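Chemist: Sequence:
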Amino acid sequence: MWGVLAGWLGPAEWEAVRLSARVALWATAVSLPFGIVTAYVLARWEFPGKQVLNGLVHLPLIMPPVVTGYLLLLALGRRGPVGEVLEQWFGIVVAFRWTGAAVAAGVMAFPLMVRAIRLAIEAVDPKLEQAAGTLGASPVWVFLTVTLPLILPGIVAGSILAFAKAIGEFGATITFVSNIPGQTQTMPLAIYSLLQVPGGEDGAARLAIVSVVIAMAALLLSEFVARRVARVVSGS
Numbered sequence: 003m004w005g006v007l008a009g010w011l012g013p014a015e016w017e018a019v020r021l022s023a024r025v026a027l028w029a030t031a032v033s034l035p036f037g038i039v040t041a042y043v044l045a046r047w048e049f050p051g052k053q054v055l056n057g058l059v060h061l062p063l064i065m066p067p068v069v070t071g072y073l074l075l076l077a078l079g080r081r082g083p084v085g086e087v088l089e090q091w092f093g094i095v096v097a098f099r100w101t102g103a104a105v106a107a108g109v110m111a112f113p114l115m116v117r118a119i120r121l122a123i124e125a126v127d128p129k130l131e132q133a134a135g136t137l138g139a140s141p142v143w144v145f146l147t148v149t150l151p152l153i154l155p156g157i158v159a160g161s162i163l164a165f166a167k168a169i170g171e172f173g174a175t176i177t178f179v180s181n182i183p184g185q186t187q188t189m190p191l192a193i194y195s196l197l198q199v200p201g202g203e204d205g206a207a208r209l210a211i212v213s214v215v216i217a218m219a220a221l222l223l224s225e226f227v228a229r230r231v232a233r234v235v236s237g238s
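Offset between the sequence shown (1-based) and the numbering used here: plus 2.
These are computed hints drawn from the structure, not numbers from a lab.
There's no promise every hint is true.
Computed Cβ-Cβ distance ranges for the label pairs, DEER-style [as the list claims (entries may be wrong)]: (1) 94 x 221: 44 to 52 Å; (2) 133 x 194: 29 to 37 Å; (3) 80 x 147: 24 to 32 Å; (4) 182 x 139: 19 to 27 Å; (5) 211 x 52: 36 to 44 Å; (6) 127 x 94: 17 to 25 Å; (7) 14 x 139: 31 to 39 Å; (8) 215 x 147: 34 to 42 Å.
Predicted model only: the values in this text are computed from it and were never measured.
Beta carbons are placed, not taken as given, at the ideal position from N, Cα and C, and that holds for glycine.
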């Protein structure tokens, strides 16, 4: 598949596709542990401020993506409180780098991931977890041996949907890391750039087709994998 795309797309277009895949993979992989923990807390715990946390998690879905990117720039830019510490203490710079694009994509995709996993956790009968606890299992062991296998379809579906969302992220990315070819120019940014220059319509159309194919494939794959994993878990 990648060989066919490389032959069909121009060098700059192919680079945008590769960068998008790299950004989306890292955004999904790094977000997944936090997504599982956040989903479990929202599904199982009761505490003051729970609705505030729920609102913060889903805020990127409601706010304009440009606002999210601007807030990331304020926090993680070289003069931002977090970005300055990362650069001075660890030598890590995310603003205007592909890693920053992964951060922006991960933030925008995070609510979709959390929602899918949370619904899966809420579908698990708490009595199963309680029964394991009465047998002397610790909460962590109960989660690993009882809850996690049952919510695996939700984790898979949420991860794939988050990957698809990260592939298509535009507003937060261009605000936070700009549109630098070969560095931060993902597929949506490349399409935007091609539409601004004469004769760029063909390249934009090719990338648009690739984007649609990836998005549709991700949706179909999430359904297929989730069903297969559910069958394996249930033993049928």
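Chemist: May I ask which of the numbered hints given earlier this structure violates, with the numbers listed in increasing order?
Modeler: Hints 1, 2, 3, 4, 6, 7 not satisfied by this model.
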